[in-house]
Amino acid sequence: MTENNRSSGVLADYLHAKTDRKGLLGWIFSTDHKRIGILYLISMLIFFSIAVLLGVLMRLELLTPGKTIIDAQTYNTFFTLHGIMMIFLFIIPGLPAVFGNFMLPLMIGAKDVFFPRLNLFSWWLFVTGGVLALVSLFLPGGPVDTGWTFYVPYSIRTTTNVIPALFAAFILGFSSILTGLNFITTIHRMRAPGMSWFKMPLFAWSLYATAWVQILATPIVGITLLLVAIERLFGVGIFDPALGGDPVLYQHLFWIYSHPAVYIMILPGLGVVSEIIPVFARKTIFGYKFIAFSSLSIAFVGSLVWAHHMFTVGMSNTGMFIFSLLTFLVSIPSAIKVFNWIATLYKGSIQIEVPLLFILSFIFQFCIGGLTGLMLGVLAVNIHVQDTYFVVGHFHYVMFGGTGFGLIAALHYWFPKMFGKMYKKIPAIIGWLFLTLGFNVLYFPFFFLGYMGMPRRYYDYLPEYQTYHVISTVGSWLLVIGLIIIAINLISALRKGEKAPADPWGGKTLEWTIPSPPPVENFETIPVVTKGPYDYSEVLTQEVEGKKH
Amino acid sequence: MISAAENIHIHRDDVGTKIGMWLFLFTELILFGGMFIVYAVYRFKFPAEFQLAAMELDTFIGTVNTIILLTSSLTIALSIVAIQQGRKYLSVLLIFSTILLAILFLVNKYYEWGHKISVGIYPQSEELLKKPQGEIIYFGLYYVMTGLHALHVVIGIVVLMIMGILVARGKIKQDAYVRLEAGGLYWHLVDIIWIFLFPLFYLIT
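In the order they appear, the protein sequences are chains S and Z.
Using our numbering, the letters of the first sequence map in sequence onto residues 1 to 549.
Using our numbering, the letters of the second sequence map in sequence onto residues 550 to 754.
Just to be clear, a hint being listed does not mean it is correct.
Derived lysine-lysine pairs resembling DSS-like cross-links, with alpha carbons at most 30 Å apart [what the hints assert, rightly or not]:
| id | chain 1 | residue 1 | chain 2 | residue 2 |
| --- | --- | --- | --- | --- |
| 1 | Z | Lys567 | S | Lys289 |
| 2 | S | Lys425 | S | Lys496 |
| 3 | Z | Lys594 | S | Lys111 |
| 4 | S | Lys111 | Z | Lys722 |
| 5 | S | Lys421 | S | Lys499 |
| 6 | Z | Lys680 | Z | Lys594 |
| 7 | S | Lys421 | S | Lys22 |
| 8 | S | Lys499 | S | Lys111 |
| 9 | S | Lys425 | S | Lys499 |
| 10 | Z | Lys567 | S | Lys111 |
| 11 | S | Lys22 | S | Lys499 |
| 12 | S | Lys496 | S | Lys421 |
| 13 | S | Lys424 | S | Lys496 |
| 14 | Z | Lys567 | S | Lys199 |
| 15 | S | Lys18 | S | Lys496 |
| 16 | S | Lys199 | S | Lys347 |
| 17 | S | Lys18 | Z | Lys720 |
| 18 | Z | Lys680 | Z | Lys665 |
Simulated from the structure, these hints should not be mistaken for lab results.
Between the sequences and the hints, there should be enough to build the whole structure, so can you do that?
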């Protein structure tokens with residue numbers, strides 16, 4: 001770095017630094033990982049808001065049996081788009097693309113990711129995919145109504161705009177692959193001197209495991225969705241039973257990706273929990289290596305359980321037995337994490353701050369989501385509740401109650417670092433209260449509904465289910481109030497929040513050693529790492545000394 | 550042109566670049582891997598029909614194309630050796646002969662597909678729909694897999710053209726040729742996919 005560069009503002013913070021291009025162009029063509037992280041954050045939140053709106057409207061429709069506000073076909077397109085947007089545009093890119101991009105280089109002491117231009121290209125692909133998904137809404141033919149799973153043969157037969165949606169998912173998958181590729185290379189090649197693998201923050205470990213799943217699983221769904229598009233365009237017969245094709249083969253190929261994709265969604269969430277808990281417990285993480293390796297083993301075993309989505313489709317008993325067993329095995333590394341988090345909190349000097357509150361909700365909801373997942377892995381129970389609200393309840397508890405809350409926790413944890421502003425604590429806590437309450441009121445009745453036999457994706461239902469549907473719909477209103485409070489609080493913090501110090505929470509990882517917001521270059525000199533990431537030994541010494549006096 | 554903010558991204562780590570490229574090649578292999586699974590499943594389901602349908606492919610033209618692609622892999626590998634020795638024009642020449650061979654491959658493919666289509670074997674054709682289901686699937690897979698491979702050949706040609714221009718302009722040179730290596734790796738991938746497609750469609754009869 002020459003003197004000339006310094007004076008032209010490399011040390012200025014990344015939000016205000018001068019760039020070649022002015023204004024917005026300086027953002028959307030920036031290869032700075034921090035700016036790309038913010039770009040992802042904004043675009044992702046836009047898609048998230050649309051998908052939430054669709055979800056709320058669906059809940060409103062289900063308030064009464066029969067038609068309430070929308071007709072059946074609209075309902076079908078709503079649950080399809082809600083699924084596609086939430087999964088491909090919100091949860092999968094959510095933590096890795098936003099916080100992974102922003103924080104990974106900071107946490108491992110690097111100046112950027114390994115392939116900065118590829119990183120920008122990933123964002124452009126992401127936006128292209130998102131826009132394509134939105135455009136498919138307005139093209140003649142009508143929005144896609146297949147459900148986010150695109151099951152054949154219906155996805156070959158329906159006249160709605162399946163092909164734009166398939167290409168959207170394909171492009172988003174490509175974007176996700178490139179992000180994963182970038183992170184793996186970054187972690188292998190750009191860790192600061194002294195940062196050995198086991199001195200790496202656990203969020204980086206979880207991103208590493210996630211990135212491998214992204215690379216190894218996504219191409220399968222890419223080719224599968226491409227085949228469905230080819231099937232629609234040319235009728236080659238690969239998935240068309242009329243020509244000898246096998247629809248069950250489609251389901252296998254789809255879930256070979258889409259089950260590991262569940263771990264793309266949850267692993268970074270688990271990483272965020274491991275990151276936030278030691279900071280607010282003022283105590284080093286319990287069982288660092290176990291947490292690190294449990295991420296890898298979740299990624300590995302999680303890649304071998306896909307057929308548990310298909311127990312009722314038709315499979316040999318041996319096959320069902322093996323997939324059921326493997327499903328149980330995934331719960332072991334997941335439980336290791338939960339026990340280690342609790343053990344970290346135990347006898348810690350816990351500070352109740354907003355990020356920790358979201359994390360506590362995370363752990364509570366993740367446990368419910370995980371245990372109901374085990375119930376679904378039991379063959380006998382699965383036959384009973386397959387494709388009912390029980391499944392919907394289960395994955396919303398894991399995906400929203402887990403990853404969604406993890407993402408909001410991460411946002412509250414790193415917000416001061418990202419924007420250099422503090423938000424107000426009280427409104428954030430009120431928002432958390434509404435969100436947690438609303439979430440549980442919304443989704444807990446799903447387990448009862450499912451157990452009583454309410455099938456998923458149904459527009460209409462029998463009157464005896466109504467009580468639960470009403471409770472659930474009220475929950476959706478509480479949840480939205482929570483989201484709005486959180487959003488308003490953060491936006492007003494952006495405008496007139498107090499200036500954030502470099503390390504508002506007392507974090508020990510590298511991102512807290514630099515100013516908030518970080519300078520363009522991240523680190524003036526690349527740090528040399530000598531300690532582990534959660535070294536709170538001095539807190540312990542202070543306490544011991546405090547007791548002596 | 551490069552501003553202060555962009556300048557910090559200039560770092561050089563050839564090993565890292567190659568790790569990235571290999572990871573990308575993994576994803577490509579798995580993409581085709583999905584297709585190979587589909588092939589395996591249907592071959593298992595319709596062994597007799599697959600055998601029968603495979604007889605209709607022209608083994609000669611397939612063999613010629615295999616030789617063409619293998620030779621092109623040799624020329625691209627030699628172009629890297631040439632640049633390592635600092636022989637720029639030889640390297641450019643070898644890159645462009647690789648491109649030429651790639652185009653030749655596509656020309657053959659065009660005639661091969663053209664012939665199939667002229668005798669009425671293509672998806673949804675009356676001729677094909679009269680055949681048993683296994684043969685319909687076989688030709689469906691044939692068009693999809695060789696088509697996807699041909700698409701990769703086209704992408705490879707574009708990549709190699711960029712490499713040729715970069716070498717000619719001296720951007721890729723004796724002490725900085727990792728991009729050419731990465732481009733070469735991509736071309737070898739295109740080659741190796743064909744090495745599997747060839748026996749699966751042409752030779753197992």
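Structure-based check of all given hints:
1. Z:Lys567 / S:Lys289: Holds - the C-alpha atoms of S:Lys289 and Z:Lys567 are around 29 Å apart, at most 30 Å.
2. S:Lys425 / S:Lys496: Since the Cα atoms of S:Lys425 and S:Lys496 sit roughly 14 Å apart, the hinted pair holds (cutoff 30 Å).
3. Z:Lys594 / S:Lys111: Violated, at roughly 54 Å.
4. S:Lys111 / Z:Lys722: holds, 27 Å
5. S:Lys421 / S:Lys499: holds, 5 Å
6. Z:Lys680 / Z:Lys594: holds, 16 Å
7. S:Lys421 / S:Lys22: Distance ~24 Å between S:Lys421 and S:Lys22 Cα, so the pair holds.
8. S:Lys499 / S:Lys111: OK: S:Lys499 and S:Lys111 at ~24 Å, within 30 Å.
9. S:Lys425 / S:Lys499: Holds, at roughly 14 Å.
10. Z:Lys567 / S:Lys111: Given pair Z:Lys567, S:Lys111 holds - Cα atoms ~20 Å apart, limit 30 Å.
11. S:Lys22 / S:Lys499: holds, 25 Å
12. S:Lys496 / S:Lys421: holds, 8 Å
13. S:Lys424 / S:Lys496: Holds, at roughly 10 Å.
14. Z:Lys567 / S:Lys199: holds, 25 Å
15. S:Lys18 / S:Lys496: holds, 23 Å
16. S:Lys199 / S:Lys347: holds, 23 Å
17. S:Lys18 / Z:Lys720: Since the Cα atoms of S:Lys18 and Z:Lys720 sit roughly 28 Å apart, the hinted pair holds (cutoff 30 Å).
18. Z:Lys680 / Z:Lys665: Holds - the C-alpha atoms of Z:Lys665 and Z:Lys680 are around 15 Å apart, at most 30 Å.
Consistency with the previously given hints fails for number 3 only.
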